[in-house]
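Please arrange chain Y on chain U, whose structure you already have, making use of the hints.
Chains as they are written, first to last, in the numbering used here: chain U, 24 to 409; chain Y, 275 to 839.
Just to be clear, a hint being listed does not mean it is correct.
What the hints assert, rightly or not - Here are the simulated DSSO-like pairs of lysine-lysine, each with C-alpha atoms no more than 30 Å apart in a straight line:
hint : chain 1 : residue 1 : chain 2 : residue 2
1    : U       : Lys-328   : U       : Lys-388
2    : Y       : Lys-785   : U       : Lys-138
3    : Y       : Lys-792   : U       : Lys-55
If you are wondering where the hints come from, they were derived from the structure by calculation, not from laboratory data.
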Amino acid sequence: MPKSKAVRREKPRERFSYDPTKVLTRLEEYGKRILEDIKSGKNPYFDIPMRGIGNVYFDEKRRVIRMGDKLSRRYFLNVAHARKFMQTLLIMAYVKRLVSENKHASLREAYYANKHTIPGTKENTFEDQRESDPIIEDLERMMGVLREEMHLTADRRGYIYGDIVIRDGEDEFNTSKLGMGGWAVPGTVEHLQFVEVNVDYALVVETAAMADRLIEEKFPKKEKALIIATQGQASRGVRRLIHRLHYEEGLPIIVFTDGDPYGWYIYSTIKQGSINLAYLSDKLATPEAKFVGMTMDDIERYGLKNVTEKLKGIPPNKKGGPTADYKRILEEMEYPWFQNREWQRQLKMAIKMGVRIEQQALANKSLEFVAKKYLPEKINNGELLP
Amino acid sequence: MAEANQLFKEFKIQSVSEFFRRNAAMLGYTGKIRSLTTVIHEAVTNSLDACEEAGILPYVRVEIEELGREHYKVIVEDNGPGIPEKYITHVFGKMLAGTKAHRNIQSRGQQGIGISGAVMFAQITSGKATRVITSTGDDSIIEAWVKIDVDRNEGKIVKKEKHPNPKGWRGTRIELEVKNVRYVRSKQGVYWYLKLTAIANPHAHIELIEPDGKLIVFPRSSEDVPEPPMEMKPHPRGVLTDDVYRMAKKTRRSSVKRFLVGEFSRISDKKIDELVEYIAALRLIKTEDDKNVQEQLYERLMKGEVKAVLRSFRGYTKVVKQVAKLMEKPPEKLSWHEAEEIVEAFRYMKFLAPPTHGLRPIGEENIEKGLTNILKPEFVTAVTRSPKVYSGGIPFQVEVGLAYGGEIPGGFDVLRYANRVPLLFDAGSCVTTLAARSVDWRRYKVDDLDRAPLVLMINVISVHVPYTGTGKQSIANVEEIQNEIRLAIMDAARRLQTYLSGKHRRLHQAKRRRTFEKYVPEIARALSVLTGEPEDEVKSYFLSYIEGHFASKESGGAEEVSENA
Numbered sequence: 024m025p026k027s028k029a030v031r032r033e034k035p036r037e038r039f040s041y042d043p044t045k046v047l048t049r050l051e052e053y054g055k056r057i058l059e060d061i062k063s064g065k066n067p068y069f070d071i072p073m074r075g076i077g078n079v080y081f082d083e084k085r086r087v088i089r090m091g092d093k094l095s096r097r098y099f100l101n102v103a104h105a106r107k108f109m110q111t112l113l114i115m116a117y118v119k120r121l122v123s124e125n126k127h128a129s130l131r132e133a134y135y136a137n138k139h140t141i142p143g144t145k146e147n148t149f150e151d152q153r154e155s156d157p158i159i160e161d162l163e164r165m166m167g168v169l170r171e172e173m174h175l176t177a178d179r180r181g182y183i184y185g186d187i188v189i190r191d192g193e194d195e196f197n198t199s200k201l202g203m204g205g206w207a208v209p210g211t212v213e214h215l216q217f218v219e220v221n222v223d224y225a226l227v228v229e230t231a232a233m234a235d236r237l238i239e240e241k242f243p244k245k246e247k248a249l250i251i252a253t254q255g256q257a258s259r260g261v262r263r264l265i266h267r268l269h270y271e272e273g274l275p276i277i278v279f280t281d282g283d284p285y286g287w288y289i290y291s292t293i294k295q296g297s298i299n300l301a302y303l304s305d306k307l308a309t310p311e312a313k314f315v316g317m318t319m320d321d322i323e324r325y326g327l328k329n330v331t332e333k334l335k336g337i338p339p340n341k342k343g344g345p346t347a348d349y350k351r352i353l354e355e356m357e358y359p360w361f362q363n364r365e366w367q368r369q370l371k372m373a374i375k376m377g378v379r380i381e382q383q384a385l386a387n388k389s390l391e392f393v394a395k396k397y398l399p400e401k402i403n404n405g406e407l408l409p
Numbered sequence: 275m276a277e278a279n280q281l282f283k284e285f286k287i288q289s290v291s292e293f294f295r296r297n298a299a300m301l302g303y304t305g306k307i308r309s310l311t312t313v314i315h316e317a318v319t320n321s322l323d324a325c326e327e328a329g330i331l332p333y334v335r336v337e338i339e340e341l342g343r344e345h346y347k348v349i350v351e352d353n354g355p356g357i358p359e360k361y362i363t364h365v366f367g368k369m370l371a372g373t374k375a376h377r378n379i380q381s382r383g384q385q386g387i388g389i390s391g392a393v394m395f396a397q398i399t400s401g402k403a404t405r406v407i408t409s410t411g412d413d414s415i416i417e418a419w420v421k422i423d424v425d426r427n428e429g430k431i432v433k434k435e436k437h438p439n440p441k442g443w444r445g446t447r448i449e450l451e452v453k454n455v456r457y458v459r460s461k462q463g464v465y466w467y468l469k470l471t472a473i474a475n476p477h478a479h480i481e482l483i484e485p486d487g488k489l490i491v492f493p494r495s496s497e498d499v500p501e502p503p504m505e506m507k508p509h510p511r512g513v514l515t516d517d518v519y520r521m522a523k524k525t526r527r528s529s530v531k532r533f534l535v536g537e538f539s540r541i542s543d544k545k546i547d548e549l550v551e552y553i554a555a556l557r558l559i560k561t562e563d564d565k566n567v568q569e570q571l572y573e574r575l576m577k578g579e580v581k582a583v584l585r586s587f588r589g590y591t592k593v594v595k596q597v598a599k600l601m602e603k604p605p606e607k608l609s610w611h612e613a614e615e616i617v618e619a620f621r622y623m624k625f626l627a628p629p630t631h632g633l634r635p636i637g638e639e640n641i642e643k644g645l646t647n648i649l650k651p652e653f654v655t656a657v658t659r660s661p662k663v664y665s666g667g668i669p670f671q672v673e674v675g676l677a678y679g680g681e682i683p684g685g686f687d688v689l690r691y692a693n694r695v696p697l698l699f700d701a702g703s704c705v706t707t708l709a710a711r712s713v714d715w716r717r718y719k720v721d722d723l724d725r726a727p728l729v730l731m732i733n734v735i736s737v738h739v740p741y742t743g744t745g746k747q748s749i750a751n752v753e754e755i756q757n758e759i760r761l762a763i764m765d766a767a768r769r770l771q772t773y774l775s776g777k778h779r780r781l782h783q784a785k786r787r788r789t790f791e792k793y794v795p796e797i798a799r800a801l802s803v804l805t806g807e808p809e810d811e812v813k814s815y816f817l818s819y820i821e822g823h824f825a826s827k828e829s830g831g832a833e834e835v836s837e838n839a
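Okay, chain U solo, but in the shape it has when bound (with noise of 0.2 Å):
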């Protein structure tokens, strides 16, 4: 008999879509117009969208954080621009050889790549990583691309564990057949391809422990689950493969953090993007995820008093307060997408209870607690919060 299942793989929304010609379209007609300009006797420039929190809002219609419209233009001829335009434009030609080429290359190596001495002077063009790596933010705030897109990659981070059948260039896997290390999601995911996907939803897990726990404890296979490790925040590269697999493969994102105010902004950059990635939350944000735990209800419910911790910091109501979790507690109550019943009360019971509460504290219980009881309960039910 099929258990009754409250979380089930839902219609495709989106399609794969990954098109290098795209990028490399983009490149030409950049580069085409600033000819243009210059050639007519204008002075010519890029408009790149301004990056910080003073260009950044929610989106309440499609819940994500989203980019604003304001803009800076970023002139040649001008003594503070021209250096930064001329780096643009060697960052833009030398993504159009990688791209048409099919190589990749990291942050890092892009920023090597691209340094050498300006002849007839003692400046470089590039003096630092922390010049090269902006001008690639901007490039992908400009053109609407990804950097990954572009071919260019960041550090990896982040493994997944489950019933798919994945298509990566010539190799096809199943990432539930590669030993109990799962498979490690690379810097770039916009190639991937999902062959098969038997799984129900996608557990997103924040710790790397807890992750294995449950793939020793045999719960993807048992619960249909596909598990995402994150290792603490999500890279970008598993935003965006969790993005694909909600919007392209219709799987339900169910969020599994710590009970304490890191976990629950790992969950909302999760579910509606960052302000430093703002322009990017159409590709990397899924607002429709859920969050499993660790709730505040759950040291109740399940007994765990006992292996609670302290928050740190100084409560709002002490003298000098408040501080630390605290005051990243009161932060986050702010948060548009936290300003439900559900989440209020969860928020203000970790400020009234003062503690915290981590995944691993299951293990209390016993070490088969969570994958045999806590997850499938919780889930199957349908306990879970916006």
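This is chain Y only, laid out in the frame that chain U set:
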């Protein structure tokens, strides 16, 4: 205890020459380097003054020959008017004789000691006579060897020859042999002295042959011979009792009144009437016993209420009449006390400022020429202030020149002059140095004064420059003079500032332009990759755009916009 007679056996009357022989330092003969400079200074000054008075464009040639250790022959030759034969001994042999010493006139030289001092110095260091070759342009050239008879303060011609002058040469050449001196190319040496002289006298052509045979030429840059200075009558506010007393003894005027009107400036018949009242008032005030009342009366007198002061004394008309009689006396009968009364009254009276037609500044144009010609700067300016008065009645005038950049090496230099004569010593205590340092140069865009390629020349002109010592190398810190120098410097510095800010702007533009140009090759390569357009063509688009932008900028183009505008 010795008897007075005993003591006075050794008593001798010392001649003027004897005095200066013993006190050569007072004439500037101190130190081996300075002594040589002084010898040359005296000769060159005489040459320039003579040429000026004769309206001749000076050509002065200085030659220094090394004869041995600290032993030189100095030759100075000019194209001046020459010296008539009978005056040779006077010019070179007698101290305190000259054409200007007794006149109230701006002059380079000193009181007629100058060249005879040099002859004396040569004589006491080498024992040699000074050889003089001169002609006034007539048919003979005189060659004479001159010595000084120190005891009698008289020149003595040791040997004399007359030569024919078929080419009509005119001028004076003197040759002095001096020992105990040293030629060094330092800032106190001959080279530097002549260089400074050339700057202040752009109408002179000056040449120097150094001991090693090197010829240095400071060519002429102006063809105008400066007008010789004019004699000026002393101003009543600038005289001492002694001046009045002695002038009265010498004058040929018939009465004190005529003497005062005739030999002082700014004294008219009307002023004499006023003077009489003032003297009478002063006499009456002195009869008053109450010190407080006396003070008040002096104050009222200072305010010019002379008539009121007189009326406050009973029978004052009698005193006035007495004083009026004094004015009719023959001047040689004027007593010291009466001279004193006159000078005291002068202090209370108001006079027009002294005439300044006797002052002969170098002039802004000529300073600029001199500085440009000798220093080859990139910027030069000069300011000649109008004449002012110090100490109540001594006219003076200040001019400054500023030269910046070009061949001028880094380091601020002040070139000091008094009546066009370079001052090489005692710079520290000189009012010119104080004034130059008191200016806040940073206000004029000279940020690091001590490293700026900047030369400031200051010339103080007066019939009576207030030197601080006998060496006449430093001007006393007289407030009026310092103020004038400061104002002149600031005026010139403002012009320098205008120049420098323009220069900074141009440098800034060039730097900006370079900023854009250096990125063009990088941009061209990248754009060529992006668009497929040939790199060189892209480069030329950018370069001509920059060119156009800066061309329109010169004529006042639009400003840039900021990135986040």
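These are the hints, each one checked on the structure:
1. U:Lys-328 / U:Lys-388: Holds: U:Lys-328 and U:Lys-388 sit about 12 Å apart, inside 30 Å.
2. Y:Lys-785 / U:Lys-138: 23 Å, holds
3. Y:Lys-792 / U:Lys-55: Distance of about 22 Å is within 30 Å: holds.
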